[in-house]
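Protein chains: 2
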Amino acid sequence: MAGESQNWVLMVTAQTPTNIAVIKYWGKRDETLILPVNDSISVTLDPSHLCTTTTVAVSPSFQKDRMWLNGKEIALSGGRFQSCLRELRKRACDVEDKKKGIKISKEDWSKLHLHIASYNNFPTAAGLASSAAGLACLVYSIGKLMNVKEDESQLSAIARQGSGSACRSLFGGFVKWIMGKEEDGSDSLAVQLADEKHWDDLVIIIAVVSSRQKETSSTSGMRESVETSLLLQHRAKEIVPKRILQMEEAIRNRDFASFSRLTCTDSNQFHAVCLDTWPPIFYMNDTSHRIISIIEKWNRSEESPQVAYTFDAGPNAVLIARNRQTAALLLQRLLYYFPPTSGDLDSYIIGDKSITKDAGINGIQDVEALPPPPEIKDNIPSQKFKGDVNYFICTRPGRGPVLLSDESQALLNSENGLPK
Amino acid sequence: MAGESQNWVLMVTAQTPTNIAVIKYWGKRDETLILPVNDSISVTLDPSHLCTTTTVAVSPSFQKDRMWLNGKEIALSGGRFQSCLRELRKRACDVEDKKKGIKISKEDWSKLHLHIASYNNFPTAAGLASSAAGLACLVYSIGKLMNVKEDESQLSAIARQGSGSACRSLFGGFVKWIMGKEEDGSDSLAVQLADEKHWDDLVIIIAVVSSRQKETSSTSGMRESVETSLLLQHRAKEIVPKRILQMEEAIRNRDFASFSRLTCTDSNQFHAVCLDTWPPIFYMNDTSHRIISIIEKWNRSEESPQVAYTFDAGPNAVLIARNRQTAALLLQRLLYYFPPTSGDLDSYIIGDKSITKDAGINGIQDVEALPPPPEIKDNIPSQKFKGDVNYFICTRPGRGPVLLSDESQALLNSENGLPK
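Sequences listed follow chains A and B, in order. Residues 1 to 420 (UniProt numbering) are what the first sequence spells out, left to right. Residues 1 to 420 (UniProt numbering) are what the second sequence spells out, left to right.
Just so you know, the hints here were simulated from the structure itself, not pulled from any lab data. For glycine and all other residues, C-beta sits at the position ideal for the given N, C-alpha and C. Careful: at least some of the hints might be erroneous.
[What the hints assert, rightly or not] Quick list of in silico lysine to aspartate or glutamate cross-link-like pairs, EDC-like style, CA-CA up to 20 Å: (1) B:Lys149 to B:Asp187; (2) A:Lys386 to B:Asp388; (3) B:Lys384 to A:Glu215.
[Stated by the list, open to error] Simulated coverage check for chain A against chain B, where a stretch passes if three residues somewhere in it have a Cβ under 8 Å from a Cβ of chain B: (4) 234–248; (5) 280–286.
Could you build the full structure based on these sequences and the hints that come with them?
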């Protein structure tokens, strides 16, 4: 280890997307290594709207590993974080920054401490896969800092040990997490099925749903499902393998009808397994059910499905529209049923605002003037559910992790390695 | 056919209970004959609180078959009703009423028309298995009128063709519907596992839950599940047969812990299959989920389970308490979380009012004074959900069908065979 003084700080900043599974991961066959009972497939979400930014810094002056999440220091004692760090340190290589006159040899990494600052550009507790983006970003940025030579797939096997679904955030577009067969988990990793340009018609609208219920964490929830659900193994062994092949084909062919059917039925089956768990786990609530009914009714009124829905371990709906035009029609329907409680549309529909414009919504008066969707025209006047959705996020499939080389985007101070 | 004149009317009045399945029936292998994909087991509910009363009358003066349900005439064109009537007419025997001087020979029945009046002592549309009690009562009373010699099990195979779960209402206590193997359905019938005195500690409280959702009928729901759920066949073939044996043993031994676990998990699995249907079917709502959470939390705080829950094709909770003392504690919890919207307790808790007394509830002030249940004492003050339950029915396991010989209880006028 060499530097002009012991006060140098070397930093890397990266940005990593979240992802939403369209064929779900639910159940581990190995709790420590985080090895799943089935393959899963996800869509990576555009990091402009949902991402984690992480800065990792190393300095001989650091006394211990420290981490700040959204500006608040958090404990780093967790076994999962330590697993990732151990795997990365094993693979660390020589690093030289000639400009700064810093040289770190392979062996030095085991003695050096890290400072990590991580920031989500979306609410952490809203059930939007913040841990997937967070762990992926941690592994990716530390990997770059330590000059780890492994490719994204190999890095994904490390991120997997931090948070299972994090492995799918190492790529953009459409990603498959292969469950693997090896006992050591070395072949349980993510591969890219198609990049984000392959099917760039798709638009994604997330309804962040109000909830009065405390939710079961996905870690304990899936453990309980593995232990008690009599349907889970049948799903994992007999149903998912076929769906994985069908989903790969649907993505390859940009076949929205198949993609939609597989996405919706697999989400429903995952929640069915939760309900078959003892005690039962309910992630969806009446609002989630209502959104499903709205989409199902609309899809059935059209010649082919317009929108797919999927729900993770919480009540939020992730809605995938076949194209921008459909997304605008979807947003109109969502705003018709779930108008905002205040007139402030700007904080009610966030992300890609151009969809709101396409939907002809320029102010609260346009929401109030929305007619009932044509598919319910013969029914009794439908109810509205003001207050049942907190806000909507408009986004799309997006790219994988990137390095941010502009130091102004770093979350740590380059002088002392503390949060800015 | 002989009588002093053509104006005689011969009548029979019977009363038949509803039943609630503890191992669920969901899915037919034959739609016309109503043959199920698995065995099911039910508890018959006390007819004092939930039953159908039916009067059937025959007279040579009747021009056609007619039926009145809760005082309103309804069409009898339904194929299922006709199936039952055809089967009963096939088995009709000679009938003689010497006092009235009436003689009907076996052959006459195919020429005679019936008047039928049926009355439920509970709301028909509330999702309380009114069709099970109704069809069972129809078959039982017509069977008596026509002097059909078949026993209750054989009659159950006829009632089954009217409404599947009706076959289980031909017996009191604990009843098994054997799915059978024959193509003609002749061995798909109900048998009594134990009468209502076998386990008479049990107390049942039904929460009739408010719902804003239009529900899928169970007939179309189970058809869609059979056609689209990838979990249903696995449940029917691999899971239910084992549960049936375990449930029979639990009932035989009055083993509440096993009974409760089997009842709850089987209800949850039935709803899981509904969710795995495409499009998904939601029968439980947030209130149903809330009741489950309350029961699960309480059961876990005790050494052994106190209450079992089960839900049919709707949001209503059927709660089975291990004994009267537990039922009083259950009612306290239910009233704590779901107080009545008005002060009128008398219409809010119906059925066996003695449970209300046991719970120390003599007026609305006692409801308001209820402390939070001890199992939540360390938690933040819990929310209350006024208005989410319409009313409660307190009842118990009960007897099978009975004939009401007192003519004052008949629903038809003995002079003209029209509703009183």
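Cross-check of the supplied hints:
{"no.": "1", "hint": "B:Lys149 to B:Asp187", "verdict": "17 Å, holds"}
{"no.": "2", "hint": "A:Lys386 to B:Asp388", "verdict": "18 Å, holds"}
{"no.": "3", "hint": "B:Lys384 to A:Glu215", "verdict": "18 Å, holds"}
{"no.": "4", "hint": "234–248", "verdict": "holds (count 4)"}
{"no.": "5", "hint": "280–286", "verdict": "holds (count 4)"}
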